[in-house]
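4 protein chains.
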Amino acid sequence: MPNSFGKIFQITTWGESHGSAVGVVIDGCPPRLPLTVADLQADLDRRRPGQSDITTPRKEADKVEILAGVFEGLTTGAPLSFLVHNSDQRSEAYDEMREKFRPSHADYTYQAKYGHRDHRGGGRSSARETIGRVIAGAVAKKILSLAGGVEIRAYVTQIHDLTAPVMSNFPSLAEVEASPVRCPHAATAVQMVARIKQARSEGDSVGGIIECRARQVPVGLGEPVFDRLEADLAKAMLSLPATKGFEIGSGFAGAQLKGSAHNDAFVPRGAGIGTATNRSGGVQGGISNGEEIVFRVAFKPTATILQSQKTVDLQGVATDLHARGRHDPCVVPRAVVIVEAMTALVLVDHWMRQHAQTQTFKF
Amino acid sequence: MPNSFGKIFQITTWGESHGSAVGVVIDGCPPRLPLTVADLQADLDRRRPGQSDITTPRKEADKVEILAGVFEGLTTGAPLSFLVHNSDQRSEAYDEMREKFRPSHADYTYQAKYGHRDHRGGGRSSARETIGRVIAGAVAKKILSLAGGVEIRAYVTQIHDLTAPVMSNFPSLAEVEASPVRCPHAATAVQMVARIKQARSEGDSVGGIIECRARQVPVGLGEPVFDRLEADLAKAMLSLPATKGFEIGSGFAGAQLKGSAHNDAFVPRGAGIGTATNRSGGVQGGISNGEEIVFRVAFKPTATILQSQKTVDLQGVATDLHARGRHDPCVVPRAVVIVEAMTALVLVDHWMRQHAQTQTFKF
Amino acid sequence: MPNSFGKIFQITTWGESHGSAVGVVIDGCPPRLPLTVADLQADLDRRRPGQSDITTPRKEADKVEILAGVFEGLTTGAPLSFLVHNSDQRSEAYDEMREKFRPSHADYTYQAKYGHRDHRGGGRSSARETIGRVIAGAVAKKILSLAGGVEIRAYVTQIHDLTAPVMSNFPSLAEVEASPVRCPHAATAVQMVARIKQARSEGDSVGGIIECRARQVPVGLGEPVFDRLEADLAKAMLSLPATKGFEIGSGFAGAQLKGSAHNDAFVPRGAGIGTATNRSGGVQGGISNGEEIVFRVAFKPTATILQSQKTVDLQGVATDLHARGRHDPCVVPRAVVIVEAMTALVLVDHWMRQHAQTQTFKF
Amino acid sequence: MPNSFGKIFQITTWGESHGSAVGVVIDGCPPRLPLTVADLQADLDRRRPGQSDITTPRKEADKVEILAGVFEGLTTGAPLSFLVHNSDQRSEAYDEMREKFRPSHADYTYQAKYGHRDHRGGGRSSARETIGRVIAGAVAKKILSLAGGVEIRAYVTQIHDLTAPVMSNFPSLAEVEASPVRCPHAATAVQMVARIKQARSEGDSVGGIIECRARQVPVGLGEPVFDRLEADLAKAMLSLPATKGFEIGSGFAGAQLKGSAHNDAFVPRGAGIGTATNRSGGVQGGISNGEEIVFRVAFKPTATILQSQKTVDLQGVATDLHARGRHDPCVVPRAVVIVEAMTALVLVDHWMRQHAQTQTFKF
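Protein chains in written order, with this note's numbering: chain A, 28 to 390; chain B, 28 to 390; chain C, 28 to 390; chain D, 28 to 390.
Hint data in this document are derived by calculation from the structure and do not stem from the laboratory. Just so we're clear, the structure is a prediction, and the values are computed from it rather than from any experiment. Accuracy of the hints is not assured; some may be wrong.
As the list makes no split between identical chains, a pair holds if one copy fits it or if it spans any two.
What the hints assert, rightly or not - Below, simulated EDC-like cross-link-like pairs (lysine to aspartate or glutamate); rule was C-alpha separation at most 20 Å, straight line:
| # | residue 1 | residue 2 |
| --- | --- | --- |
| 1 | 86 | 115 |
| 2 | 285 | 231 |
| 3 | 285 | 229 |
| 4 | 224 | 204 |
| 5 | 389 | 99 |
| 6 | 169 | 319 |
| 7 | 34 | 347 |
| 8 | 389 | 229 |
| 9 | 169 | 99 |
| 10 | 90 | 66 |
| 11 | 389 | 66 |
| 12 | 285 | 188 |
| 13 | 389 | 178 |
| 14 | 169 | 72 |
| 15 | 337 | 231 |
| 16 | 389 | 119 |
| 17 | 169 | 92 |
| 18 | 34 | 115 |
| 19 | 337 | 126 |
| 20 | 90 | 347 |
| 21 | 389 | 340 |
Required output: the full structure, derived from the provided sequences and hints.
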């Protein structure tokens with residue numbers, strides 16, 4: 028179960044950085060969803076290494092194969108199985124890591140927990156694991172789009188100490204993709220790209236913040252108590268490599284407001300109900316209220332840097348590490364599509380759960 | 028399942044604010060754990076309303092009964108069932124809420140999702156639901172303590188815009204409990220109490236931040252990929268009423284550091300391995316690394332305020348709401364023990380999972 | 028999780044034979060279901076000890092309390108919590124069992140697994156655990172009845188070597204309840220009652236077989252592969268105390284037929300499709316086909332007998348056991364309502380799962 | 028989740044009969060297990076079509092690839108991913124099934140549940156799905172063997188109305204594999220082979236019964252209440268295609284015994300405890316007692332027969348079906364290894380669960 032996510036729309040990812048392939052199985056997909064490779068490849072290309080001059084130069088085509096679950100262009104209700112071959116595996120760059128633990132990586136904890144590890148490219152802890160998430164997320168996004176025009180948009184708002192102005196509008200995909208750094212504020216994006224390049228030239232790395240919004244989400248998704256929508260979103264985001272924080276709506280800043288300034292007044296809206304403000308971030312009592320869902324995720328700087336670092340080896344002896352290998356000086360731009368994917372997975376799963384409990388039987 | 032938490036050490040809470048009782052069932056508890064009511068009552072008393080002059084005056088003894096699962100003072104491995112009677116229920120104070128949705132409460136979303144709701148005191152969305160969590164958390168804390176001296180300590184670091192200095196030491200329970208606001212920095216605590224009282228006198232409310240640490244946590248808890256320790260902690264925290272954010276280790280501030288400044292160098296420590304700094308917050312690759320686990324949780328100001336607010340009624344018509352009833356002007360001090368409880372539940376569950384996968388069979 | 032059943036409509040039972048109470052929590056119940064104590068008590072009375080002169084004389088009123096989840100007569104979608112107090116506990120009758128393992132009971136395996144046990148009346152292994160199942164089953168039966176007139180009827184077809192003729196019709200509840208042995212074939216029922224009384228007079232016990240049918244079950248419940256409807260029914264039945272076998276449709280006898288004689292030809296039926304015969308037992312490929320679901324469950328004779336038996340004690344020394352205490356010379360008549368309950372729980376859960384996957388989104 | 032089995036050692040199978048491949052993912056496998064393709068291929072060969080003259084002539088090499096989870100010959104604790112390519116797909120033989128429902132197959136229920144289906148070779152309902160189970164079962168068998176010499180042996184005891192004498196000894200693998208029908212009683216096996224060939228020559232099919240035993244199973248596996256060992260075994264067996272019944276120990280025949288004849292007296296055995304007889308089938312109170320686990324599974328005759336049959340088409344119109352295609356006149360001999368696989372999966376999962384609850388913490 029540690030490699031599965033979701034309760035009804037459940038995905039299981041598998042594969043290592045330097046194995047023959049990575050993949051994902053989706054169990055519980057609704058039947059009759061039109062699905063082709065083209066539905067998946069666009070998002071994979073947004074995640075792909077080597078897509079721009081601010082990402083790792085590892086060359087991977089990341090072409091997806093559909094192995095099962097689709098018949099004559101439609102899902103059948105059976106498990107969907109997807110596979111992406113790994114092609115550009117230069118394991119020798121990792122020989123040093125067989126014996127030495129890279130700081131702030133998973134090397135030591137994997138070794139301690141499992142007694143040995145696939146050290147090549149981080150093995151299972153590699154970001155290549157997220158390929159499966161992006162594929163499954165693309166399926167989920169298609170469901171959401173067809174089901175009711177639900178749109179999910181993630182974008183970068185901060186790189187290192189460069190922060191974009193608050194976005195009052197829901198950015199278009201084109202605005203996000205206009206820059207390789209995926210910040211829709213053009214002027215800031217230019218600075219961010221330069222900052223990332225500078226970090227790389229120093230053999231260093233930088234982190235940042237991604238904001239994500241979802242609109243047209245129906246009222247009623249999420250459960251009271253443990254499986255609150257924001258709780259499952261938080262779990263989804265903190266399950267991503269390199270994440271250090273999550274906040275929804277007013278977030279940490281909301282802790283500094285008084286209730287009279289924080290509460291979202293209800294107002295009539297069309298035939299329904301809306302809120303005058305959205306400090307709740309689209310979720311109240313764990314359940315979506317129809318407003319935009321808005322949250323932010325903090326990413327630490329990439330742990331792999333090309334500077335000499337202090338560490339210890341398998342025998343616990345102090346040593347120095349001189350990392351080689353190809354890496355992203357900043358994972359945040361490529362993580363945008365992964366944040367969207369995880370958001371879509373949470374929403375589809377909760378939509379199905381909500382339907383099961385409240386719509387199966389009518390009294 | 029929405030009311031259950033944990034995969035092996037699994038709890039299920041039940042009960043509403045103005046029902047006859049609230050309770051919790053623990054399934055999967057290890058056998059032969061010594062357990063008495065006294066083990067549970069101390070933490071319940073830290074959660075209890077009316078415990079100080081900065082909490083709600085609702086009077087509840089919150090005395091717990093053990094209904095099942097203990098024989099001759101030891102757990103049997105069968106489900107533990109606990110019950111706390113509700114005594115001080117003044118439902119009439121909530122008559123207005125039957126027809127009007129309280130801003131930033133769960134009233135509207137529950138109504139929309141389920142088609143009707145128990146409006147009295149928020150029904151299931153009441154903080155009384157957390158009684159079950161505190162009971163289960165006390166069981167988990169006892170397990171952790173007996174198993175290896177694991178200690179969990181949560182405390183308040185911020186109320187409204189008042190922030191305590193960074194705590195370099197692990198505070199003692201006595202330091203935390205020295206003030207009703209549960210901030211171990213005495214001078215700040217005094218100010219915080221005053222701020223909360225001031226908010227109440229204005230019919231207003233304030234939020235804040237809780238920091239939580241766990242020490243003596245063994246290396247190896249948590250899973251790669253989805254069930255990372257920090258992901259399950261994030262879910263646990265965002266499942267608490269009124270929470271808006273979670274961050275671990277360096278958190279959101281870490282996004283502003285470069286990799287060279289953020290990485291935690293490994294160093295020999297005794298017979299094992301430690302890190303020179305702890306920006307990872309005790310978790311690397313989703314797995315505990317033996318350092319202190321450190322995270323922070325943001326709480327919004329209490330949604331119930333005694334000022335007139337704009338809202339709509341069941342028919343969607345704009346109206347004003349004049350809340351009555353007893354409430355906490357700030358939930359943060361009482362939430363300290365709940366944060367500890369959820370942390371303990373996550374740790375025990377992951378400890379059992381880690382043991383199952385890596386210790387059942389040896390090759 | 029060992030004490031939970033169901034994936035969406037999930038129940039958790041708790042309590043021991045000689046504890047203060049037994050109970051059940053239902054998580055995932057649809058909202059707005061009308062529910063009162065009266066809906067539950069009828070089935071509890073069919074399970075109750077002392078209901079006739081062929082059951083144990085233990086006196087228990089088995090009056091159920093609804094602790095949570097119902098507001099103004101309707102379920103709210105929150106967990107339902109039910110409790111039944113134990114009243115007639117004569118623990119001293121079990122003093123011998125503290126030291127000696129009763130043959131074919133759970134005494135030894137509980138002791139070995141957990142390191143100690145509540146020996147009084149079998150503790151958690153007591154049939155009193157099934158009270159929670161019957162309560163939850165009554166809720167599930169009400170849902171099924173309101174949802175589409177689904178009817179479930181279990182009845183006794185065999186006691187010891189006395190076998191009722193094949194029932195071609197779906198028996199009415201009155202026919203089943205006409206005899207305390209719950210065999211709707213009156214002449215056989217009389218013999219069965221006599222056989223049970225004879226066994227009791229000998230200090231012995233007898234087993235038997237229960238057949239269960241469900242009609243008006245919609246097409247499409249059950250999943251391919253692991254969660255086939257018959258697989259979950261089999262699990263449900265083998266989870267009952269004293270069961271030794273399960274067969275659906277043609278069952279073990281079907282293994283002796285050729286395919287040409289076993290296959291159920293499809294035939295037009297009204298606007299839909301039916302089968303000319305029903306050797307499939309209402310399930311094909313793991314999924315209900317709209318025909319009657321028909322299965323049988325084998326129960327062993329009650330393990331508690333009032334004859335001297337060979338056994339060993341806690342120290343592993345051979346000894347004799349002279350059981351006292353009150354017991355059923357045959358558990359089968361009281362198990363009828365429990366079989367119905369478990370069937371209802373499986374059907375409701377699968378109905379909700381089927382709805383979630385195939386009805387939430389339409390493409 | 029419908030395509031997943033197990034709670035800690037969890038497998039997910041995927042793939043259709045005429046898709047490009049079938050496969051399985053194992054999540055939760057213990058680390059450091061030595062594992063190569065050779066460990067898996069032997070069991071796959073026992074399941075393979077075309078292995079003898081009493082099976083389907085479909086030609087499939089069924090060579091397994093390990094895609095993930097093994098590093099330098101040892102499992103890493105990461106998900107294991109396995110794939111087997113489908114090679115001999117003659118879909119045209121199934122053209123008639125696109126429009127007509129084969130009696131006693133899954134065609135109609137899949138169509139009704141999902142709104143369309145992959146009709147080629149039964150799609151997901153094909154027995155090719157069991158390839159994934161056999162692979163995972165081989166991994167589980169290796170774990171059990173290394174862990175404590177646990178042996179699982181299934182064999183055929185009945186084909187049509189031919190029944191082998193009761194086996195008092197645990198048959199060797201060689202005895203089982205001596206005949207293509209996998210009945211270890213040589214004289215009966217000869218008759219069974221002839222009976223299967225006769226059925227095929229008539230365009231007909233036959234069913235049968237498999238018995239399965241497991242020895243050296245430690246005391247304590249299985250849970251009280253819902254996840255009893257026999258309940259999970261029953262579910263595992265009824266999840267296999269073509270199964271109609273399950274019985275453990277005395278089974279249905281046990282219903283005809285009196286308690287005094289049925290109870291298994293405890294006796295001292297070496298330093299421990301055994302039972303003089305084994306009508307319990309190795310499980311008491313849902314938990315293994317150290318005796319041999321013994322159960323039987325009933326299989327119906329293969330639904331595909333080469334005789335003309337009455338059925339209806341997609342429009343509900345009555346028609347005749349003249350099946351073509353390659354099929355097994357009896358699935359029972361090839362199912363032997365699948366029964367072993369599912370048994371192994373249940374035992375490994377429960378072993379890990381038992382360890383988690385009772386061995387993680389010691390008080």
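Hint-by-hint comparison with the structure:
no., hint, verdict
1, 86 x 115, "within (6 Å within a copy, 35 Å between copies)"
2, 285 x 231, "between (41 Å within a copy, 7 Å between copies)"
3, 285 x 229, "between (44 Å within a copy, 10 Å between copies)"
4, 224 x 204, "within (18 Å within a copy, 49 Å between copies)"
5, 389 x 99, "between (35 Å within a copy, 17 Å between copies)"
6, 169 x 319, "within (19 Å within a copy, 38 Å between copies)"
7, 34 x 347, "neither (44 Å within a copy, 40 Å between copies)"
8, 389 x 229, "neither (63 Å within a copy, 45 Å between copies)"
9, 169 x 99, "within (18 Å within a copy, 39 Å between copies)"
10, 90 x 66, "within (12 Å within a copy, 31 Å between copies)"
11, 389 x 66, "between (35 Å within a copy, 18 Å between copies)"
12, 285 x 188, "between (28 Å within a copy, 10 Å between copies)"
13, 389 x 178, "between (29 Å within a copy, 18 Å between copies)"
14, 169 x 72, "within (16 Å within a copy, 40 Å between copies)"
15, 337 x 231, "within (15 Å within a copy, 51 Å between copies)"
16, 389 x 119, "neither (62 Å within a copy, 30 Å between copies)"
17, 169 x 92, "within (18 Å within a copy, 31 Å between copies)"
18, 34 x 115, "neither (34 Å within a copy, 35 Å between copies)"
19, 337 x 126, "within (14 Å within a copy, 61 Å between copies)"
20, 90 x 347, "neither (38 Å within a copy, 45 Å between copies)"
21, 389 x 340, "neither (62 Å within a copy, 24 Å between copies)"
Taken one by one, the earlier hints fail for this structure at numbers 7, 8, 16, 18, 20 and 21, listed in ascending order.
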